[in-house]
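J.: Each chain, letter by letter, is given below.
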Amino acid sequence: MNSFFLAWIVLVPFISSILLGSMYLYSISVKKIPNSVFTFLAVLSPLISFILGVLFFIGLENGASDYIYEPYTWLQVNGYIISMGFLGDRLSIFMVLFITFIGLMIHIYATGYMKGDEGYGKFFSYFNLFIASMLLLVLANSPIIMFIGWEGVGLCSYLLIGFYFTEPLNVVAGNKAFIVNRVGDLGFLIGLIFLFFYVGKLGFDYGALEEYVSIVPNHILTIIGIALFVGAMGKSAQIPLYVWLPDAMAGPTPVSALIHAATMVTAGVYMVARFHFLYDLIPNVGLFIAYIGAFSALFAAVIAMKQTDIKKILAYSTISQLGYMFIAVGLGFYSTGLFHVFTHAFFKALLFMGAGAVIIALHHEQNIFKMGGLRKKLPLVYTVMLIATLSISGIPPFSGFFSKDEILLKAYSHHEYLIYAIGLFTAALTAYYMFRLFFVTFYGKNYKEHHMQSISWSIKAPLVVLAFGAAFAGFMGLPDVFGGENLIDGWLNMWSGKALHVEYSVEYILMAISVIAGLLGILVSFLKFYRYDFNQKIQESGVVYNKFYIDEIYNFLFVRSLQKLSVFISVVVDDGIIDKTVMSLSNGFINLGRIIGRMQCANTRAYAFFMLVGLSSFSLYLILKLG
Amino acid sequence: MDIGLLSFIIFLPLIVSFVLLVLPVGMKTTRNIAFATTIVVFLLSLSIFFNFQLTDYMQFREFHPWITSYGIYYSLGVDGFSMIILMLITTLIPLGYIFLWKTKKAKGYWASMLLIQTGVTGALLSLDLILFYFFWESMLLPVFMIIGIYGTGDRIFSTLKITIYTIMGSLFMLVSILYLGVAFYNEFGVWSFQLSDLVQITTLSNIQRTFLFFGFMIAFAIKIPIFPFHTWLMQTYSNSPTGGVFILSAIMAKLGIYGIVRFVLPLFPHQYVEFAPYFVGLGVFGLIYFGIAALMQQNIKRMFAYSSASHLAFITAGIFSLNIYGMTGAAFLIVAHAMATGGLFLLVGTIEHDLGIRSISGLGGIAKKAPFLTVAFALMLFSIVGLPGTNGFVSELLIVMGLFQYNQYIGIISASTVLVAASFMFWLFQRAILVKTDNDVSKMKDLDKKEIVGIFSLAAVIMAMGIYPHWFLYKIAPTIQHYLVDILKVGVAS
Amino acid sequence: MIEASFMSYIALALVLFSLGIIGLISRKNIFIIYMSLELMLNAINLMLVTLSKYFGSMDGQIIAMMVIAIAASEAVIFLSLIVAMYRLKKSVNIDDFDTLKQKGTL
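Protein chains in written order, with this note's numbering: chain A, 1 to 627; chain B, 1 to 494; chain C, 1 to 106.
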């Protein structure tokens, strides 16, 4: 496989996005273009990228070394060269595969979901742009180029959240997402610049960085590690920058599935894995990351227990699952984290798409307490949702079990018992709130009869495909204890460095514990919600329901105070002090002129008097001077 | 007497403008001929760009005696730094014409626009200080007329304010120029105001030089404007017609920066280095200060005034960062910001022309009526907020790197640039363009074909500069290296 | 004797001049002002003639003659101007002629 085609993995969706965008503009302003044209282009580009990805995968499998393609010098300053470089190694091709595959599925799904929408072409233009940016993010060979993709996905997220931009709430959510992400990006940028000045001058691609990173003094490495992780906090919605993700659910459901669940939010995990050579040197920062992950997982799970909006629940569960991934990568088990990224992409995309199907069928109803009893009406959706819910709850043999259990196992074996305990507890909570969603949506009694809208095959087909993935993807990472071989670990073998040292017996026990925790959660949920009575009034108040008032606190601390400061600056300081000073200078001249102008009083006798005084004083001066 | 390419570029608009004013032609003819003139100038400047040698010398030199008894010469030249600004000016002005096309203004408006072009290119290319001063002041006159005659609101007051304020600043510069000339005469026995001669003065003491340094800096600081000389800007911007504010923001403000690099830097290298910390501080402070102030502005143009001030402060910090990253970034941001902000002002001008509204609360829901305008607006906005893939990102990255090299803490603070512009720009975009409100925007028309071609080619250049910045940057590298190594003697990256 | 009379001529000229100035400044009637002016001119004439006699040079007397001639022609213009001004404002009060006064504020 020629490494030249690496660039085309990114370029194809990018070009397709521009084409779609121009066609859309043409379509709304000049002549209508049929949706089928948009559909064709939109689905074609992730397909091509996927095929290219598979070809590279085969190449690497056959023992080819990492593909590197550097078409041109992006920037050269002071003799240091930053190339527009693409890197196709095992990690990036792994990411490419699942991004393009899930992306393709969601594209197909979206053709059904967005059918009849007037922004059809625009939607797919953004979607393709997102795919392109995400692929650039993972394929970049230099942190700076990665940053281009990194911000690109943030931009697409903004555009897609505010897709129905005439509604203020959507745009506000988009802005919030963008700004909060930018706070993270600020950290990321600072990390990059530190990295450049301390080691990047020797070469600013990953290969060179990995080679020379050891020359950086340790305290600087710590700063870099934390700064980069701040970027990950923003993108992957971890405490304290998670606030944008629940609001981001304002976007159309395929967006939530693709961007805010399966791919973009995992960019932070990917970034930590990509910089594994750096984080390996600073285990303290790694531990910090793991703790942030653990607390995010717990915190989000607690909030999710009380939410009523189906997409919000899933959003919080995404934050929670991302927390698990950060536990893994923080502790140095990068392939484990990526394994969870992989399985999570399947079951979370599936959950969102299932939720989307429900929402469509119910004419855009999102409150789960207004659904109920959908099991009979939507048998297919019911089945796939069950699979996905079991998977996220960590019930074997569904995929989530393997990946989540491996994370917990590694936390345990690493003697991080607090993290393990939090993870285990969160697993129980996860099972609880996910089955709460499931039972309330599909079972219950006294629910209202709904008028259903039919769901097209283009929505159903991807659901089935992903359901297979959610069910069986876990077997790709079958632990030794079951005599399996961890394919993901094997594929990403170059730095699965830390060996596991627990007995099989311990491993069995731990597995049993986590399964029991999951089942416990399901049991509680079953008792509470299986026969949920829809006449019951749900309580919509309390600290947890209001998400611990974090939004309000942030709003008060940052937004309000900045707005006040802004008014203060422009009204008091600028207009009041600085401009007053400037104008008082010129007013001083004017006033002086006014005073002198009074002497011109048009009284001839006064003029004569002034003349007399002037002449006399001049004469006096001459007499005194000349004597 | 042979006339060089640069003279053509400078004086063609002037001659055309006079001829048009004298001849009894209508507004339309004036406009069309003026536009054709700017296109010709653009083509001429393109030939400069492609024939530009990769060195740090002044190129395309022209040298004729002007007022010989006082050693004042008509002396022109272009180096890497002025070349990119020349390209910027000659590219942006025709674009401005396209957008001002339908504003049914009088003949004098178009003639003034041509005069401005002569003024700015003249100031940009002159290497004799008196000649520079001549052009520097002469570009103010047409602006005075454009704002005073075609402006809105309290336009007379605004013009008086900008004119008197900037002239007052320029007077300090004039005194400094004359002082330098006299010092040169005392030392060498001949008169000269050539930049290359004046830099050889050795007799001035440090204190004298410091005074002269600030004499120049006041003039440029008012023009840019640097905090706290900025208050004229907000008022002028909000009362100017689109053309005036376009010229002011996209071109004239940049000439202030250019003046610092062209004259202050070689004339007072010691003071430049000595006072650099204060200007870096002022720049970074201004970046955040103006950024915050922009947040709550109600008038779009006033908000953009603050936004421009914020970016210009950042550019100022960049040129005083004393290393190649910051200087290169500043040069690049001059171009990037001029393009983006110029484009934005033109688009806002279109909105104002159609709706007659310039307060944010009076707009909203334009996106549905004018999709092309919205897309163009968004693209310009992305460059302003420094989104990767646009030239704004490259330049901001380089300046942040430069400031980081200068001082780590300053660098970290200045990285907040990624937040500052984003916070108010996206909010503005939301309120003014996207969200549907009760306001009546039915009179809003989308861009016409001409405008679409113009603005999207600008957007394409913005993107190209973000995706392949090296191709645009390598020509200025020798010049900046020359400034840093030979003149300031601080090395490319200390 | 000649000294004493010289000083008295000078003193008389000064007194006349001062009277002229006081009249010029304090009186409002244009005619009186004109007469004060004439008084001042004649005081100067007196001074010139006295000094001419004292220094034994004819220059002063020549200038005095010229002054008288010019004053005579000036009188014509002045009086006709006064008539014109009277037609304009129906007044010979100098304070009524304040066209140059600054009206309003800057």
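Warning: the hint list may mix true and false statements.
[Unchecked claim] Under the rule of at most 20 angstroms between Cα atoms (straight-line distance), these lysine to aspartate or glutamate pairs were calculated in the DMTMM-like manner: (1) K528(A) - D309(A); (2) K368(B) - E118(A); (3) K436(B) - D446(B); (4) K368(B) - E365(A); (5) K436(B) - E365(A); (6) K306(A) - D533(A); (7) K436(B) - D117(A); (8) K368(B) - D117(A); (9) K445(A) - E507(A); (10) K448(A) - D579(A); (11) K32(A) - D446(B); (12) K436(B) - E352(B); (13) K32(A) - D448(B); (14) K369(B) - D309(A); (15) K580(A) - D154(B).
By construction, these hints were calculated from the structure, which means they are not laboratory data.
J.: Against this structure, judge whether each hint is valid.
T.: Against the structure, the hints come out as follows:
no.: 1; hint: K528(A) - D309(A); verdict: holds (18 angstroms)
no.: 2; hint: K368(B) - E118(A); verdict: holds (11 angstroms)
no.: 3; hint: K436(B) - D446(B); verdict: holds (16 angstroms)
no.: 4; hint: K368(B) - E365(A); verdict: violated (26 angstroms)
no.: 5; hint: K436(B) - E365(A); verdict: violated (23 angstroms)
no.: 6; hint: K306(A) - D533(A); verdict: holds (17 angstroms)
no.: 7; hint: K436(B) - D117(A); verdict: holds (18 angstroms)
no.: 8; hint: K368(B) - D117(A); verdict: holds (14 angstroms)
no.: 9; hint: K445(A) - E507(A); verdict: violated (41 angstroms)
no.: 10; hint: K448(A) - D579(A); verdict: violated (65 angstroms)
no.: 11; hint: K32(A) - D446(B); verdict: holds (17 angstroms)
no.: 12; hint: K436(B) - E352(B); verdict: holds (18 angstroms)
no.: 13; hint: K32(A) - D448(B); verdict: holds (19 angstroms)
no.: 14; hint: K369(B) - D309(A); verdict: violated (33 angstroms)
no.: 15; hint: K580(A) - D154(B); verdict: holds (17 angstroms)
Going down the numbered hints, you'll see the structure goes against 4, 5, 9, 10 and 14, while the others check out.
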